[in-house]
Structures are given as structure tokens and as C-alpha cells.
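> The primary structure of each chain is shown beneath.
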Amino acid sequence: MEPRIKENNALFMLIVGLLSWVLPGAGHFIIKEKKRSAIIFVTITLTFCIGLYISSIGVVDPVASKICYTGQILTSPLVALLGHLTRGGAFVVYGKPSEIGQIYTGVAGLLNLLCIINAVYLAHLSGTESAGGKNAIDS
Amino acid sequence: MLSTLDIVIATFNSPEPIQTNPQSLLLLLPLVAAIAIIYKATKMPTITTGGFLKETVTLLGSIVIFIAITALVLYVLAWFISA
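So the protein lines, in turn, are chains A and B.
Quick note: the first sequence, position 17, residue 17 per my numbering, numbers continuous.
Quick note: the second sequence, position 7, residue 7 per my numbering, numbers continuous.
Here chain A stands alone, though its shape is the one from the complex (with noise of 0.2 angstroms):
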């Protein structure tokens, strides 16, 4: 029977994982930590919004910014789609503008990531919690 515990609960923290990353805050959502799931989907969203607002979407380069799109596509595999957009080279952007959109999106998607292990960390605290190991959450 344990066997098949650990593995629903891997299962369960794979998908608490993959949501976290689709929407931000939806893995803290799905294990009910409602209030830490709003801050964060609020927090990520902001400063995404920010950055593409300084810089235009063009920020969001697959092509030229290879390191800073691996940070941006953190925040949401939607960020692809802005990449696809951009990828043709309609929205270049240069300067200061340029260099404040990637910090700021690229902390967003960096922010994200930490708070996908912060989520699967809880899925697996809980998950261990209802088999009975309460020795885990202890140590």
C-alpha cells in the first residue's frame, strides 16, 4: 500500500509543480494556501507587467537574449507565445529601457521558480503529513 502513496504524492507534486509554473501561485492554490497563492500571483504578474511595460514586449527576444529568455520563460510557458511574437524582430528595443525590462523580467520568472519549489515542497509535506509521516514536517 505505500508504495502506491509515494507514488500518487509524486504524482500530486508534479502537478502542483506544473501548475505553479503555468499560472503563478496556482500551485500554492491547489494546496490550499490561498493567501500565499494571491500574494504570489499578484507579486509574479506585477513585475512581468512592469518590465514588458518599461521595455515593450520586445524584451522578450528567444533569439538575441538566449540567458534572459531562460530566466523569462520561468514566469509562465506563455511567456513563449510573446516570444513567438517578437521572434520576427518587429519590437527591438535597445538602451537602458532594454536592460531595466530584463532585470525586471527575468527576477519575475527567477521569483516563480522559487516559488514552484516552495510548492512542491509544501504538496510534499502534506503529502507525507496524511500517510502519517509526521516526523517529516518535524525535522
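Errors might be hidden in some of the hints.
[What the hints assert, rightly or not] Below are the DSSO-like pairs computed for lysine-lysine, each with C-alpha atoms no more than 27 angstroms apart in a straight line:
no.: 1; chain 1: A; residue 1: K34; chain 2: B; residue 2: K43
no.: 2; chain 1: B; residue 1: K43; chain 2: B; residue 2: K54
no.: 3; chain 1: A; residue 1: K32; chain 2: B; residue 2: K54
no.: 4; chain 1: A; residue 1: K34; chain 2: B; residue 2: K54
[Unchecked claim] In silico negatives: residues of chain B with every beta carbon more than 12 angstroms from chain A:
no.: 5; residue: L2
no.: 6; residue: K40
no.: 7; residue: S82
[As the list claims (entries may be wrong)] Listed next, the stretches of chain A that the computed footprint assigns to chain B, with coverage defined by at least 3 CB atoms under 8 angstroms from CB atoms of chain B:
no.: 8; stretch: 31 to 41
no.: 9; stretch: 44 to 55
no.: 10; stretch: 109 to 123
Rather than coming from a laboratory, the hints here were simulated on the basis of the structure.
Quick reminder that beta carbons are idealized off the backbone N, C-alpha and C, glycines included.
Starting from the known structure of chain A, arrange chain B on it as the hints suggest.
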């Protein structure tokens, strides 16, 4: 006639003019606030409005003060080297 949605979308199509001046450093504050909020949202065991605000503002202040001290030290170092 342009709708509100068109205007909102248009603001994301062209970059904002940002000068290289001391005021542009204020753009640091929303980013630091976001970092402090997310860090505290993931670290606090239970979230209450008062406690969360207090912890976040404390962290935000600490980061800003640390950045200011670092900037001051670098400025003094640069002044010594160039003098």
C-alpha cells in the same frame, strides 16, 4: 476611435524613455519590494496581514540600507583610487 484596450496594448509595444540619472535608481524599489514580498510569502509559516506587512517592510528596508551602504563604500573607494 481607439478603445481603452488598444491604448493599454499600445503601451506595451514601445519602450518608455528612461534617462541615465539618479532618479532612474528609484526603479530599484519595486523590484526589491517584489523580492521581499515573495521571499516572505514562501518563508512565513502562517500569513497574517499585520505580521506579513511588518516582516516584508523590515526586509525591504534591510535590502535598501545594505545597497546604500555598498554604494557608499564603492563611491569612497573610487574616490580614493582616482584622487
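> Do three or more residues of the stretch 109 to 123 of chain A come closer than 8 angstroms to chain B, measuring C-beta to C-beta?
Check passed, 4 qualifying residues.
> With the threshold set at 27 angstroms, check whether the alpha-carbon distance from K32(A) to K54(B) stays at or below it.
holds (24 angstroms)
> Take the stretch 31 to 41 of chain A, compare each residue's beta carbon with every beta carbon of chain B, and decide whether three or more fall closer than 8 angstroms.
holds (count 4)
> Closer than 8 angstroms Cβ to Cβ for three or more residues is the test here. Does the stretch 44 to 55 of chain A pass it with chain B?
holds (count 8)
> Verify this label for me: L2(B) is non-interface relative to chain A, using a Cβ-Cβ cutoff of 12 angstroms.
Since the minimum Cβ distance to chain A is about 18 angstroms, L2(B) lies beyond 12 angstroms and the statement holds.
> Check the hint pairing K34(A) with K43(B) against an upper bound of 27 angstroms on the C-alpha distance.
holds (15 angstroms)
> Over 12 angstroms to the closest beta carbon of chain A is the bar; see if S82(B) clears it.
holds (25 angstroms)
> Is the hinted pair K34(A) and K54(B) satisfied, with a Cα-Cα distance of at most 27 angstroms?
holds (20 angstroms)
> Could you grab the alpha-carbon distance between K43(B) and K54(B) and see if it respects the 27 angstroms cut-off?
holds (14 angstroms)
> Would the non-interface assignment of K40(B) survive a Cβ cutoff of 12 angstroms against chain A?
violated (9 angstroms)
Going down the numbered hints, you'll see the structure goes against just number 6.
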